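Student: If you want the building blocks of each chain, they are given just below.
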Amino acid sequence: MTAVRSDTAPLDVAALRADFPILSRTVRDGKPLVYLDSGATSQRPRQVLDAERRFLETSNAAVHRGAHQLAEEATDAYENARAAIAEFVGAIPGELVFTKNATEGINLVAYALSNSATAGPEMARFTLSAGDEVVVTEMEHHANLVPWQQLCQRTGATLRWFGVTDEGRLDLSNLDELVTERTKVVAFTHQSNVLGTVNPVRTLVERANRVGALTVLDACQSVPHAPVNLPALGVDFAVFSGHKMLGPSGVGVLYGRRELLEAMPPFLTGGSMIELVRMEGSTFAPPPQRFEAGVPMTSQAVGLGAAVDYLTAVGMDRIAAHEHTLTEAALAGLGAIPGVRVIGPTDLADRGGAVSFVVDGVHPHDVGQVLDGLGVAVRVGHHCAWPLHRRLGVPASVRASFYLYNDLSDVDVLVSGVREAQRFFGVAS
Amino acid sequence: MTAVRSDTAPLDVAALRADFPILSRTVRDGKPLVYLDSGATSQRPRQVLDAERRFLETSNAAVHRGAHQLAEEATDAYENARAAIAEFVGAIPGELVFTKNATEGINLVAYALSNSATAGPEMARFTLSAGDEVVVTEMEHHANLVPWQQLCQRTGATLRWFGVTDEGRLDLSNLDELVTERTKVVAFTHQSNVLGTVNPVRTLVERANRVGALTVLDACQSVPHAPVNLPALGVDFAVFSGHKMLGPSGVGVLYGRRELLEAMPPFLTGGSMIELVRMEGSTFAPPPQRFEAGVPMTSQAVGLGAAVDYLTAVGMDRIAAHEHTLTEAALAGLGAIPGVRVIGPTDLADRGGAVSFVVDGVHPHDVGQVLDGLGVAVRVGHHCAWPLHRRLGVPASVRASFYLYNDLSDVDVLVSGVREAQRFFGVAS
Amino acid sequence: MYQEIILDHYKNPHGRGLREPYDGESFQVNPTCGDEVTLRVRLAGETIEDVSYEGQGCSISQAATSVLTDLVVGRTVGEATRTMDAFVELMQGRGAVEPDEDVLEDGVAFAGVAKYPARVKCALLGWMAFKDAVNRAGISLPGNGASGSERQGVQS
Amino acid sequence: MYQEIILDHYKNPHGRGLREPYDGESFQVNPTCGDEVTLRVRLAGETIEDVSYEGQGCSISQAATSVLTDLVVGRTVGEATRTMDAFVELMQGRGAVEPDEDVLEDGVAFAGVAKYPARVKCALLGWMAFKDAVNRAGISLPGNGASGSERQGVQS
Ligand SMILES: Cc1ncc(COP(=O)(O)O)c(C=O)c1O
Ligand SMILES: Cc1ncc(COP(=O)(O)O)c(C=O)c1O
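Which chain is which? The protein sequence lines are A, B, C and D, in order. Using full-length UniProt numbering, read the first sequence as starting at 1 and increasing by one per residue. Using full-length UniProt numbering, read the second sequence as starting at 1 and increasing by one per residue. Using full-length UniProt numbering, read the third sequence as starting at 1 and increasing by one per residue. Using full-length UniProt numbering, read the fourth sequence as starting at 1 and increasing by one per residue.
Don't read these hints as lab results, they were simulated from the structure. The structure presented is a predicted model; accordingly, all values stated were derived computationally and were not measured. Fair warning: there could be bad hints in the mix.
Unchecked claim - Take a look, some chain B residues computed to stay more than 10 Å from chain D by CB distance:
no.	residue
1	Ala14
2	Leu260
3	Thr325
4	Ala349
Said to hold, decoys possible - Cross-link-like lysine-lysine pairs, in silico, BS3-like; alpha carbons within 27 Å at most:
no.	chain 1	residue 1	chain 2	residue 2
5	D	Lys11	D	Lys115
6	D	Lys121	D	Lys11
7	C	Lys115	A	Lys31
8	C	Lys11	C	Lys121
9	C	Lys115	C	Lys11
10	D	Lys115	B	Lys31
11	C	Lys121	A	Lys31
12	D	Lys121	B	Lys31
Note that CB positions come from ideal geometry on N, CA and C, so glycine has one too.
Using the sequences and the hints, build the whole thing.
Tutor: This is how it looks when you write it as structure tokens:
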């Protein structure tokens with residue numbers, strides 16, 4: 001195990017960057033790459049690439065299915081990764097289900113709930129029907145919105161949602177009217193992928209607990225960027241994606257309270273998740289296996305295990321502090337440009353490192369294009385949060401998002417690039 | 001592009017093996033690894049590992065979501081992989097959906113069918129209800145059985161199945177009684193992962209077409225081992241897994257006829273699969289995007305693209321011929337041992353390279369253990385085909401499965417290892 | 001990619017605004033960025049008498065729609081189809097297609113956009129709306145401009 | 001791993017067969033290989049008077065169940081629990097646990113099996129059935145032998 005840094009000494013970004021091969025490439029005719037799109041997907045350090053390759057060159061086999069030495073080694077590597085990732089979020093291994101991405105994790109919960117309707121009388125506690133309600137927020141990523149719309153469509157339940165204030169905070173003024181005895185699920189994001197807003201998990205969980213609703217936390221943008229202890233947050237379920245936290249694509253995690261995972265019907269079915277199979281019907285394995293049908297993303301889980309080792313060695317507190325510094329600089333730098341408007345909180349309390357903005361008179365696509373020409377990779381569009389953009393009265397925005405390998409010079413390039421876009425489109429003042 | 005060999009010149013196995021780093025390792029105190037478990041998962045050549053790493057070190061980004069150069073390159077790599085894989089099975093790119101494994105692909109179809117009940121009147125053609133029937137076979141992998149049991153449970157439809165003959169062939173004697181006007185889906189395996197049996201796709205498809213039932217082909221064990229043209233087979237849907245064909249884990253493929261994919265409701269929902277999202281409801285993108293929610297298994301798709309390039313360069317005809325030779329030798333070698341009984345066809349017509357057997361007086365686990373001690377990796381158990389084992393009157397079996405990197409010496413080690421197990425347990429004659 | 005011609009059309013769009021009467025109207029959205037256009041077509045027999053539109057979008061989508069009006073107004077549906085096909089071919093050519101200025105006029109300025117796949121959809125948004133609006137006016141436009149596999153927007 | 005003692009028990013299992021009367025019965029299956037055991041327990045107060053069983057399985061599962069009968073018949077439920085805990089600890093110890101021959105008797109022969117994780121389930125199959133059968137006889141067996149997270153079989 002790597003040594004854990006819990007201090008908040010500044011990161012040695014230059015040393016860290018040396019671990020990420022892609023960061024030394026150039027784009028668009030020799031411009032150094034300034035990667036400010038980690039909110040969409042992060043880059044991977046050698047340590048993660050090497051761990052996956054080492055696994056594939058020495059121990060690759062189908063896990064939980066074989067008795068030969070490779071199968072044993074592969075199963076150990078896969079389960080050790082689960083244990084490492086569980087520890088990273090304060091959970092026990094049996095509470096972690098590997099999925100292909102966070103999106104699958106949310107769908108898993110939504111489908112398990114609708115499946116409970118036909119899965120036998122003991123599943124009644126999970127069943128939704130007309131009159132029941134699911135509550136989400138207006139700032140959700142589509143991944144934590146559309147599956148709930150679909151669950152409501154399947155079951156006849158009604159979707160309701162928290163609004164967003166002009167400052168980009170959750171409007172909790174009607175908390176008690178929204179979350180009521182009719183509420184079966186409250187699903188919300190820990191940290192907005194657009195605004196950076198960190199939501200008050202405790203307040204929402206307390207209210208949901210009071211009315212007996214399940215809570216589902218979208219932790220995609222929090223777990224990669226700050227220390228997160230999921231059991232301590234008190235949520236029933238949470239999801240995050242490997243590719244946003246230095247790990248491989250193709251692997252995500254669903255955390256679920258043990259008691260719930262044990263009681264829930266399965267979602268995807270097939271090999272490795274069964275207990276007894278007859279043509280007439282089947283019974284299912286205990287969790288987490290019950291929710292991992294088929295040959296899993298084995299090497300990807302191993303890679304994600306290496307990613308959490310890497311993050312732990314750097315120190316999540318230090319990463320959070322580092323991103324705080326970058327966010328502060330970006331808010332100041334962009335805020336100082338006339339005609340640039342940051343959407344989302346401009347104070348740094350309860351705010352993570354995604355900075356979205358619009359430039360008066362220049363469409364986000366065009367801002368992005370000018371930045372791209374300068375080597376700066378940002379995201380433009382609605383960032384899979386279309387209703388949020390509609391609420392804030394903008395069709396789209398430009399988003400810069402930071403990670404441990406960015407530094408203040410990246411912020412400088414971003415800020416001067418935005419000025420350049422204004423000049424190019426003749427809107428500089 | 002690599003040159004395609006369509007001749008049937010014998011494989012240069014030694015040269016091929018040099019591409020697979022794991023095959024040069026030793027197990028159990030220095031025994032050379034004899035890997036006969038490719039039916040569970042295959043190993044990966046350098047070319048695939050390198051392609052994935054190259055992608056990750058140069059072009060990694062979220063696909064279909066960004067406008068910067070990395071995002072463009074990543075999207076191109078991902079879509080080029082889709083095109084290469086589509087060509088490999090004779091399809092067009094728009095007919096291929098990337099899933100996490102074949103199991104997800106089958107579940108996708110099964111859930112899309114049950115979702116159609118609440119997805120609007122134009123989906124009525126996909127809806128199942130009480131009185132409708134789903135037909136499978138007794139030789140299915142759990143992945144192509146349990147999802148249909150669950151679909152029936154969700155919809156009230158009835159599951160029926162073809163039996164298996166003592167020789168391990170599909171019993172089609174009651175084809176017309178089983179597949180009737182009530183049948184909505186006929187799902188069956190192309191090649192049994194236990195018996196090696198290749199099923200008569202044409203016969204089943206013709207009957208299904210006659211009654212208007214959808215056909216779902218489990219091509220997990222055929223696409224990796226022989227030339228397969230899915231549209232030419234006439235099936236409506238087919239699935240296969242990357243990890244069984246030299247590609248990464250965490251990526252599978254669902255093939256669907258364009259017209260069906262375009263008409264079907266979505267399964268997993270979230271980012272990248274939408275057309276328009278409002279809090280009140282959403283509409284969905286055309287296929288294949290409609291079925292690819294969330295950030296996909298990007299580098300894994302790229303790796304699978306490299307795998308089909310590799311397979312094509314070697315030549316699928318030659319691979320099939322090679323496995324034919326190995327299967328023939330294994331059937332002869334094992335068949336010559338008193339007390340060893342092969343389950344599955346012993347004639348080589350319509351038979352692929354999985355050889356399962358039982359040894360009188362020695363439990364499969366114990367046979368496998370002795371083989372493992374000799375460096376031979378085989379699979380023991382029911383191989384996720386429990387009903388088939390029950391039908392054949394054995395609780396479990398030993399399975400050797402071959403691929404392009406195996407040669408006749410591997411068969412020799414297997415056969416002498418089985419004799420060794422008999423000696424050890426005192427049942428040699 | 002930002003040719004002077006494109007910026008000119010962006011800043012001074014031709015034919016902008018929604019006008020009555022019209023024979024077909026289409027609303028199209030680019031699902032990745034939310035850009036949208038509402039476009040109306042007025043026909044006189046086979047001839048496109050007017051194209052009017054409104055929407056929000058980037059320089060590329062706005063300019064391309066402006067160029068579109070220049071290219072199709074006063075032409076027959078058949079001529080417009082051929083122009084559309086040429087423009088779509090140019091945009092999907094990854095920079096490898098040599099544009100014909102006789103056919104595409106100001107549209108040749110978009111040759112550079114074809115090298116940026118993420119922006120191709122922007123350039124085609126107005127054309128998708130045009131094709132759909134003509135269809136809705138009761139005339140079926142053949143051509144490769146908006147086959148099922150390239151459908152990119154939403155109609156409402 | 002195939003100690004002589006294991007092979008002896010495998011070839012000449014102790015206490016095999018299902019006998020009447022009994023107080024609790026359990027059916028357990030190993031889902032990965034289909035091996036199964038039906039096991040009955042007869043109690044006299046706190047004392048285990050008989051363990052009878054039938055099933056199909058590999059040498060390890062068969063021998064382990066045979067050893068089980070030697071270890072628990074004639075003992076109290078409390079003693080049996082301690083033995084079970086020691087055996088489970090040995091099996092889950094990856095070869096790092098030193099077995100106590102006074103407690104485990106012939107069971108020490110399974111120390112080598114602990115190095116083969118895929119076979120640990122085989123060695124524990126009979127013990128899971130035993131624990132469940134005692135439970136079904138109305139006596140709750142504590143201990144770490146079959147907590148939720150290690151549940152490996154099916155009960156019917
Ligand atoms: C015939 C067959 N079908 C389905 C599967 C399931 O494939 P996967 O586990 O990759 O989803 C397998 C392999 O495990 C198989 O052999
Ligand atoms: C807040 C949030 N939720 C959910 C997701 C979906 O993650 P994935 O696409 O990896 O499933 C993302 C990222 O795309 C996100 O930022």
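Student: Each of the hints needs a verdict: does it hold here or not?
Tutor: Results for each hint:
Interface exclusion of Ala14 of chain B from chain D stands, the closest Cβ pair being 31 Å apart, more than 10 Å. Look at Leu260 of chain B: its CB is around 34 Å from the nearest CB on chain D, clear of 10 Å, so calling it non-interface holds up. Distance check on Thr325 of chain B: its Cβ is at least 30 Å (rounded) from any Cβ of chain D, clearing the 10 Å threshold; non-interface status holds. Residue placement check: Ala349 of chain B keeps its beta carbon more than 10 Å from all beta carbons of chain D (closest about 30 Å).
A threshold of 27 Å between alpha carbons decides the hint, and for Lys11 of chain D with Lys115 of chain D the separation of about 23 Å falls inside it, so the pair holds. Of the supplied pair hints, the one linking Lys121 of chain D and Lys11 of chain D holds, its CA atoms being roughly 20 Å apart against a limit of 27 Å. Distance check on the hinted pair: Lys115 of chain C and Lys31 of chain A sit about 18 Å apart at the alpha-carbon level, within 27 Å; holds. Distance hint between Lys11 of chain C and Lys121 of chain C is fulfilled; the C-alpha atoms sit about 20 Å from each other, no more than 27 Å.
Taken as a hint, the Lys115 of chain C and Lys11 of chain C pair is honoured in the structure, with Cα atoms around 23 Å apart against an allowance of 27 Å. Straight-line distance between C-alpha atoms of Lys115 of chain D and Lys31 of chain B comes to about 18 Å, which keeps the hinted pair within the 27 Å bound. With a C-alpha separation of about 26 Å, the suggested pair Lys121 of chain C and Lys31 of chain A falls inside the 27 Å cut-off, and the hint holds. For the suggested pair Lys121 of chain D and Lys31 of chain B, the alpha carbons sit about 26 Å apart, so the restraint of at most 27 Å is met.
Consistency note: the structure conflicts with none of the earlier hints.
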